[in-house]
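Just so you know, our numbering puts 13 at position 29 of the sequence shown, and the rest follows in order with no gaps.
In case anyone wonders, no lab produced these hints; they're calculated from the structure.
Possibly wrong hints are sitting among the right ones.
Said to hold, decoys possible - Here are the simulated distance ranges between beta carbons: (1) Glu4 to Lys38: 41 to 47 Å; (2) Val34 to Glu(-2): 33 to 39 Å; (3) Glu4 to Leu36: 35 to 41 Å; (4) Val(-4) to Ala32: 24 to 30 Å; (5) Thr27 to Ala0: 26 to 32 Å; (6) Arg39 to Ala1: 43 to 49 Å; (7) Met37 to Gly3: 25 to 31 Å; (8) Lys2 to Val33: 35 to 41 Å; (9) Asp(-8) to Met37: 31 to 37 Å.
By construction, the Cβ of each residue, glycine as well, lies at the ideal position given by its N, Cα and C atoms.
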Amino acid sequence: MFWLGTQDPATVAEAAAKGETLPSLHSPFFLPVPEPTLRTGVTAMSAAVVGLMKR
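Using the sequences and the accompanying hints, generate a full structural model.
See the structure below:
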């Protein structure tokens, strides 16, 4: 499992200031920022696979 920062930093800061938690991954209210989340995830997973294939 890859853990990525998927939330807008302003949203995270606002929730922290209010003492609230953000919706979890499987919540219908989970709202990731599509870009750069997808790019970061694809890059990280691709690098992991390439690294494993070099072994």
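Q) So which of the earlier hints does this model not fit? A) 7
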